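J.: Now for the letters of each chain:
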Amino acid sequence: MRKKDLVLSEALAKSASRGYEELAEQELFTLAEYRPEETEPLSYIGYSYWKSSLRIFVRNKTTMFFVFLIALTLLFTFIQPFLPGQKDPIKIYNDETGIQIRNAQPGKGFLFGTNAIGQDLWSRTWSGTRTSLFIGFVVAIVEAAVGVLIGVLWGYLRKLDFLFTELYNIFDNIPQTLILILISYVLHPSLKTIIFALCLTGWLTTARYVRNQVIVIRDRDYNLASRCLGTPTSRLILHNLLPYLVSIITMRMAMAIPYAISNEVFVTYIGLGLPLTLPSLGNLIVSGIDKMMEPALRYQLIFPTVVLSIVTVSFYVIGNAFADASDPKNHVA
Amino acid sequence: MNPIISVKNLNISFTLRGERTRVIRDVSLDVLPGENLAIVGESGSGKSVFCKAMMGLLDANGQIDSGEIIYNNQDLTKLRTEKEWLPLRGSHIAIVMQDPMTSLNPLLTIGSQILEAIKLHQNLKGPQAYEAALSYLQDVGIQDPKKRFRQYPHEFSGGMRQRVVIAIAIACRPKILLCDEPTTAIDVTIQAQILSLLKDLKNKYNLTTIYITHDLGVVANVADRIAVMYAGDFVEIGPCEEVFKNPSHPYTWALLLSMPQLAKKGENIYSIEGSPPNMKNSLPGDAFAPRNRYALKYDFVARPPLLQVSPGHFARTWLLDPRAPHIPTPTHAPAQALQADFASDKTPILEVKNLTITFGKGKKQLIAVNDVSFNILKGETFGIAGESGSGKTTLGRALLRIYSPSSGEIYFKGKKISGKLSKHDDLLLTRAMQMIFQDPMSSLNERAKVASIVAEGLHNIGSPDIKSKVHSALQEVGLRADFADRFPHEFSGGQRQRVGIARAMVMAPEFIVADEPISALDVSIRAQVLNLMSRLQRERGLSYLFISHDLSVMRHICNRIAALYRGVMVELADTETLFERPMHPYTRSLLSAIPHPDPLLEKNKVLITYDPSLHQYSNDPPSFRELEKNHFVHCNDQEEKAIRELYKI
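Just so you know, the sequences run in chain order A and B.
In terms of the working numbering, the first sequence opens at residue 1 and continues consecutively.
In terms of the working numbering, the second sequence opens at residue 1 and continues consecutively.
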C-alpha cells in the first residue's frame, strides 16, 4: 500500500463516525450533515499490478534461490577476465620442458585443470559461458522482437490471420533440428551462423503465444473504445495490447535463453558448431564427452556441464515463476 | 412456525492480499418452510456469500468467523470437509446458478446430467431413472423430452438451458432451493417464463425457495418476504407487499424510488449518490449513512438494531427509534424538473437508409441487420429495443463505423459517412460521434491510469490543455479530479462507468451510441448514470442512440423507440404511442414481459409470447409501413388491416 493511501484509509476509518460519539443523546437523534465527498469511497486502494507481480515473485523462495544463483553466475562470468591472475582461454600452456600440460588435474595452478592440449579449463569454461550467454541473449531478443511483431499483427489484423496461420503451419511442420543442421551445414560454422539458424525458427513459438493472447484481449470493449476515439492502430497496439503481453514476452525470453544454449550444444555435438578456437559451453562439453570413460578425466565434462545446468535451470525456473506471478489471478491471496 | 433454516449472528470475512474484509457482518435470518424469500442487494453487498455459506461453498479465501446456521438441528458452520457436506448438498439444499451457459457440462448430454442427479439422490436405476428424468424435463417445460434427453447443452438456447439446470436441481428432491440471480443472464421475455416456472415447481414439489437478486422486478414477482442487504447486513426484512408499500430503511426508500419505472418522464430519477462503502474500512454505524441524506448523527456512531415497523416488518435504522425526528418517506426527486419535451428543431442528425450488415459468406452467412431505415433527430434520445441476438449492438457499432455495412447508407448531418472517407472527415466524425459501453469492467484499460484513459481521444486529435480538460470532464461526471492518478481497478462499477462517460464526453461529441449503458450496473447506480446522461444531453444538446433490452428504462429516457427482432426493425414509434398502441406482436410480447417493481402488478401480469411462425409472409410479403403518423410497423397487407381495425385508425 502506498503511504499516501495508508494515511487516507486510516483517516477514513477514523472519520467514519465523524466524532459524533461524543455527542449527547438528544443531539445524536438529529439529522447529520450530508457530505457528498464521503459518498465516493475507493475500493482496492493502492493495488498495483506490477508491485503485486513483484511481491508474489519475490515471495517464492525457490525462485529467489535461482535468481541469486544466476545473478552470481552472470556477474562472475563477466568480471572473471578482469580478476588478477587469470589465464588466457586459448593459449596452450607448456611446462618448463616445453611440453604441453595435458589433462592436468584441477588444482592450484589450474583451478579446473587443463584439457587434452593444455589449455586452461577454468578460463575456457567462463569464456565459453560468455559465448553461450551471448548467443542466448541475442537469440532471445531477436525472437522476442520478431515474434511479438508478427504475433501482434497475426492476432490483431483479421485479414492476415489466414496467411500467417498457413505460414506458421508450414514452418512449424519442418523439424527445427533439420533447419538448424541444414543452415549450419550450408553456411560456414561461426557465431553468426548459429545465431542466424536459431533465430530463424525460434520466433514461431513466441509469435503463436502472442497471437493467442492478442485474440483473447483484442475484442474487449476498451479496444473498441480506443477505435471509437480514433486511436491509430500503432498506438492501440502499444498502449492497449503490449502491457498485457509483457508477462508472456518475458516468459518466452527467459525460456529462449536456455533453449538457445542447449541447441548450441547440440549443433556442436553433431560437429557443425563453433570452431574450437572460440570456446563455448557446446564445444567444451563435446570435448568433455570424449573423456567421459576415463574416471580421472571426467572433470573435463563435469565443470562445463554444471555451469550449463545452472544457467538453463535457473532461467527456466525464473521464467515460469515470473509467468505465474504476473497472472492477475494469483494476486488475490 | 419453526424456521427450516436459521442463521444466527453470522460473520464472514475474506482475506484479499493479506487484508481482511468483513463481508457478512453479524447477520441473523430465519427462513420459514414453504416460503419464497428474496434477498435483494447490490453487487458486493454479500448476498451471494451469505447463500454460499449455507451450502458450504465459500471461496478458499473466505471463512466463517462466528455465528450459526441451524438446519435440522445441525449447525452447518461446524461442517468442515466436503464429505460432511455431501449428504446435505442437493438432497436438502440445491442451487440454481446465474449463468446457464457455464453451469452445464458441455461434454455430456443433458440426459446424463439429470440421470446423475436422480441416481445419486433418489436411488433409482435403469428405466425408472430414465422415466423420472423425462418427467422432470417435462415439468420444466421442455418439449419433446425424449429427443432433448440425448442432446448436448449447446443445442439449447439460454432460457432452455436454465430450465435444464432447474430440472437437475429439482431432481435432487431438495427441501430448499437457492436461486442465485436465476434470470439475470436471460432475455426479458424468457425471464418472466422462468420465474413462473420456478413458482409452479415450488408448489408442486413443496419447496422453500430463496432468491438472490438485485432486480426489484423479480422480487415483486416471486417473493413472499424480502430481506434487503446492504454492505453485508440486512437493513430491512419484511413481507413483500409491506416493504414495497412502506419501505422504512432509507436505503430501501432510495432503491425503490430510483427505479426508472416509477419516475416521471422528463424528471430526474431519485438517485442514491456515491458508491457502496469499502468493506475494508470499519463501519461503526449504519453503513448506508454517508450516502443517506436523512441520516441521523447516531447512524454514524452505533449500529441500529432491527426495529419493528409492523408485525413481521423490521428495519435497521435509528429513524424508527421513538427519540428520532419524524421524517416522511420522500416520494419525489429532489432535483429540478427537466424539460418534458426535447428541444429539437426536428432536423435529423443521423439518417440510416436500408442498412444491411452481414457477417460471413455463403452458407454461414449471418444477416445481423436487415434493411433497416430510420432517422435520429437532433437532441433526441432514440431507443433500440431488442433481445440478445437481435442485432442492436451491431447496428450501433455500424453507426460508429466499427462494422461496415454490406449495403445501405448512413448520413451524419446530411453527409454520407458509410464507405471511404477522407482523413479530415474521419477525424471530424471521431470527435462528433462517441460510444458508451455496457460493461464498465471490460471497457477500461486496466493497465492505464484514469488520466490517460480519459485523455486518449484528446491525444488523437492533438488537443491542447489536455490535463485541464480531463479534470473538468471528471468533475462533470461527479468524480474527484485527483482520481485521475488512479487505476481503474480502484473504482466500483458505477465509478468506472462514469470514467467511460467522461472519456466520451471529453471529445465534445454531438451524437452518442449508448450500448446498454446501465444494464451491468447496480440499481442504485443506474439512476445516477441515467441522470448524468440526461443532464449532459440538456446542457450540450446531445443526441443519443440508446440500446437496451429494458423497455421500462427506455420509457423513461427515450423519445422514440424502435423494436428490433433478428435484425429486422419491426416497429418504430414515439415512446408513449408504442406503450399505448403496440402494433407488432413482438413489441407486445416485449411490453408484457417488463418487470414492474410492484408486487400486485407483477404477480398478476399476463405474459404474451411471440412466435414468429404466426406470420404468413409467403404470398403477402411484409414491409416497413407507416400506419399512423410517425408510427411504423413491419407487416403485410393482411396484418395492416387487422391492426387498423383493432385501433380504429
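Just so you know, these hints were derived from the structure itself, not from any lab.
As the structure is a prediction and not an experimental result, all values here were calculated from the model.
Heads up, a few of these hints could be off.
[Said to hold, decoys possible] From the derived model, a few chain A residues whose C-beta atoms are all more than 10 Å from chain B:
id, residue
1, S17
2, F171
3, I179
4, P189
5, T201
6, D221
7, Y222
8, Y316
[Unchecked claim] Listed below are several chain B residues computed to face chain A (Cβ distance under 7 Å; list not exhaustive):
id, residue
9, R148
10, Y152
11, H154
12, S275
13, N278
14, P290
15, K297
16, F300
17, L320
18, P322
19, H326
20, M435
21, L444
22, N460
Cβ atoms here follow ideal geometry from the backbone N, Cα and C, with glycine treated the same way.
J.: Which hints from the list above does the structure break, by number from lowest to highest?
T.: Going through the list in order, the structure violates hints 1, 6, 7, 9, 10, 11, 17, 18 and 19 and respects the others.
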